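Protein chains in written order, with the working numbering: chain A, 8 to 201; chain B, 3 to 342.
The set of hints was computed from the structure by calculation and includes no laboratory data. Since the model is a prediction, treat every value here as computed from it, not as a measurement. Note that beta-carbon positions come from the ideal geometry of N, C-alpha and C, so glycine has one too. One or more hints might be untrue.
[As the list claims (entries may be wrong)] On the chain A side, residues computed to face chain B include the following (Cβ under 7 Å):
| no. | residue |
| --- | --- |
| 1 | Lys23 |
| 2 | His38 |
| 3 | Tyr80 |
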Amino acid sequence: MELLTLTAQFEWILGKSNYWASTVLLLIGLHAMISKNNLIKKLIGMSIFQTGIILFYVSAGAKHGAQIPIVHYGHDSHESHDKAAHAAEHAADAGQQVAEAAAPAANHAADATHTLGETLYANPLPHVLMLTAIVVGVATLGLALAMVQKVYAAYGSIEEDEVLDAIADSTADSTADNTVDSTVDRTVKGTPEA
Amino acid sequence: MIWQLDLILLIFLVITALISLRVRDLLGASMVFGIYSFLICLLWAGMGAVDVAFTEAAVGAGVSTVILVATVYHTRRVTGGHKRASGMKLLSLLLMLVLGGVLLHASGDFPALGDPTSPANNHPVAQYYIEGSYQDTKVPNLVTSVLADYRGYDTLFETVVVFVAGIGILAVIGVPTARMRREEVCGDTAQFGEDSDLIILQTCRLVVPVLQLFALYVIAHGHHSPGGGFQGGVLFGASYILLALSGGLREALRRLSESMSFRLAACGIVIYAGFGLLCMALGSSFLDYAILDSILPGGVAKARSHSMLIVEAGVGFTVTTILFVIYANLATRGKLEGGL
Numbered sequence: 008m009e010l011l012t013l014t015a016q017f018e019w020i021l022g023k024s025n026y027w028a029s030t031v032l033l034l035i036g037l038h039a040m041i042s043k044n045n046l047i048k049k050l051i052g053m054s055i056f057q058t059g060i061i062l063f064y065v066s067a068g069a070k071h072g073a074q075i076p077i078v079h080y081g082h083d084s085h086e087s088h089d090k091a092a093h094a095a096e097h098a099a100d101a102g103q104q105v106a107e108a109a110a111p112a113a114n115h116a117a118d119a120t121h122t123l124g125e126t127l128y129a130n131p132l133p134h135v136l137m138l139t140a141i142v143v144g145v146a147t148l149g150l151a152l153a154m155v156q157k158v159y160a161a162y163g164s165i166e167e168d169e170v171l172d173a174i175a176d177s178t179a180d181s182t183a184d185n186t187v188d189s190t191v192d193r194t195v196k197g198t199p200e201a
Numbered sequence: 003m004i005w006q007l008d009l010i011l012l013i014f015l016v017i018t019a020l021i022s023l024r025v026r027d028l029l030g031a032s033m034v035f036g037i038y039s040f041l042i043c044l045l046w047a048g049m050g051a052v053d054v055a056f057t058e059a060a061v062g063a064g065v066s067t068v069i070l071v072a073t074v075y076h077t078r079r080v081t082g083g084h085k086r087a088s089g090m091k092l093l094s095l096l097l098m099l100v101l102g103g104v105l106l107h108a109s110g111d112f113p114a115l116g117d118p119t120s121p122a123n124n125h126p127v128a129q130y131y132i133e134g135s136y137q138d139t140k141v142p143n144l145v146t147s148v149l150a151d152y153r154g155y156d157t158l159f160e161t162v163v164v165f166v167a168g169i170g171i172l173a174v175i176g177v178p179t180a181r182m183r184r185e186e187v188c189g190d191t192a193q194f195g196e197d198s199d200l201i202i203l204q205t206c207r208l209v210v211p212v213l214q215l216f217a218l219y220v221i222a223h224g225h226h227s228p229g230g231g232f233q234g235g236v237l238f239g240a241s242y243i244l245l246a247l248s249g250g251l252r253e254a255l256r257r258l259s260e261s262m263s264f265r266l267a268a269c270g271i272v273i274y275a276g277f278g279l280l281c282m283a284l285g286s287s288f289l290d291y292a293i294l295d296s297i298l299p300g301g302v303a304k305a306r307s308h309s310m311l312i313v314e315a316g317v318g319f320t321v322t323t324i325l326f327v328i329y330a331n332l333a334t335r336g337k338l339e340g341g342l
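With these hints in hand, go ahead and build the complete structure from the sequences.
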């Protein structure tokens with residue numbers, strides 16, 4: 008009895024482990040984006056955040072004992088499906104017009120036996136959504152890195168506080184000519200808070 | 003799904019994520035992030051998401067790492083300690099506690115991992131893709147048929163996003179004057195990889211053609227195996243990046259110049275969108291390939307299959323060239339000369 012509940016608990020934990028891991032990765036990424044001082048670290052955090060979300064979606068589409076979402080055609084499909092395929096092939100040999108006539112029949116035969124019912128396939132929909140997200144992710148990462156290089160060229164640093172100081176200095180310099188010192192102090196002090 | 007492997011990978015994932023964010027050396031952080039990507043790609047392959055894993059292996063563990071290293075090379079390698087007070091850190095931790103609590107609490111209501119009867123897996127649309135798409139399109143790889151046919155709009159605009167990112171990089175760090183100078187410099191022909199290591203050079207000379215051939219195979223065979231326009235495009239782009247890394251960027255640009263890259267990238271989108279417009283011209287809706295059986299051989303299902311191949315090729319053009327443009331610009335700070 009004791010053992011049984013332990014196993015049940017263990018299975019419950021296993022059933023949640025991927026969701027927990029995706030939550031942890033999401034939090035690590037978001038925390039890095041907010042609190043890291045270095046811009047490249049922020050971008051690594053962004054990428055980790057992104058993979059956390061992708062992990063969540065892929066986990067939602069996973070099935071125990073499922074095949075990868077590529078149909079086994081011609082190997083372990085049912086007999087009638089094979090027959091239908093044969094019929095279609097023969098028809099194709101016989102000529103274009105006959106093929107057109109036979110094609111709907113072949114399709115119908117395959118439909119009737121429901122060839123895909125026996126094998127369990129993983130859910131392809133989350134895979135499609137996440138696949139494009141990864142490629143767009145690298146494009147946005149490239150654009151963000153370009154901005155980092157631009158920031159470095161302009162301010163000589165990729166640390167957030169140093170960049171903010173440099174921005175404050177440059178604004179202070181431009182206003183220093185015709186303002187009193189107190190304004191400058193306020194600008195320098197005020198910017199890191201913002 | 004093997005739960006032991008799953009658990010070990012999840013633990014290592016969290017550890018590598020933490021390490022890549024803790025390390026002071028940014029080059030090291032980039033490399034650890036590459037390992038992280040590779041681990042997560044194993045995890046996805048274990049869950050049956052082979053196409054996603056393939057893409058991540060090429061993108062995350064390959065191209066992402068290279069462009070991160072390129073940026074570290076041109077900025078600063080070591081990140082300093084935190085000079086500023088950790089007020090932001092405290093606020094962030096508080097936010098993480100709240101958000102983490104809410105998410106972990108919500109995870110109690112999720113269906114167990116791998117449950118075939120969960121709402122996401124039992125949704126009629128997902129069911130239809132599994133049961134009907136092979137009859138509809140005769141494409142065994144369900145991911146390809148959903149990507150290029152049923153959700154063609156989605157993929158078209160994702161491709162446009164990649165193209166726009168390429169333009170954005172040009173706008174952000176492209177240096178027009180240096181580019182003009184480069185055109186003049188290109189006149190004198192430098193020896194291929196004259197300042198490169200002999201072993202690296204010879205290895206890459208052997209690898210690049212095979213890699214390009216494999217990339218074309220991945221695009222062409224995406225109907226029957228994991229792969230398609232995105233994965234093949236990333237691999238093809240990676241072959242040019244490899245060429246630039248081994249033999250110098252100038253050599254790679256001589257084979258695929260930047261202006262040519264953008265022309266080909268635009269071509270890819272024109273192929274994709276033009277095919278959609280062709281469907282409209284024949285009297286159906288945008289990207290409804292079924293109507294094309296009047297001009298493509300083999301019946302309605304085969305027409306959809308062939309159309310997918312063509313739009314995947316368009317995706318391949320755009321992804322290949324834009325990835326190379328991203329690398330070329332990041333590796334040279336937009337000047338397109340010198341390089342890593």
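A quick look at each hint next to the structure:
no. : hint  : in the structure
1   : Lys23 : holds, 6 Å
2   : His38 : holds, 5 Å
3   : Tyr80 : holds, 5 Å
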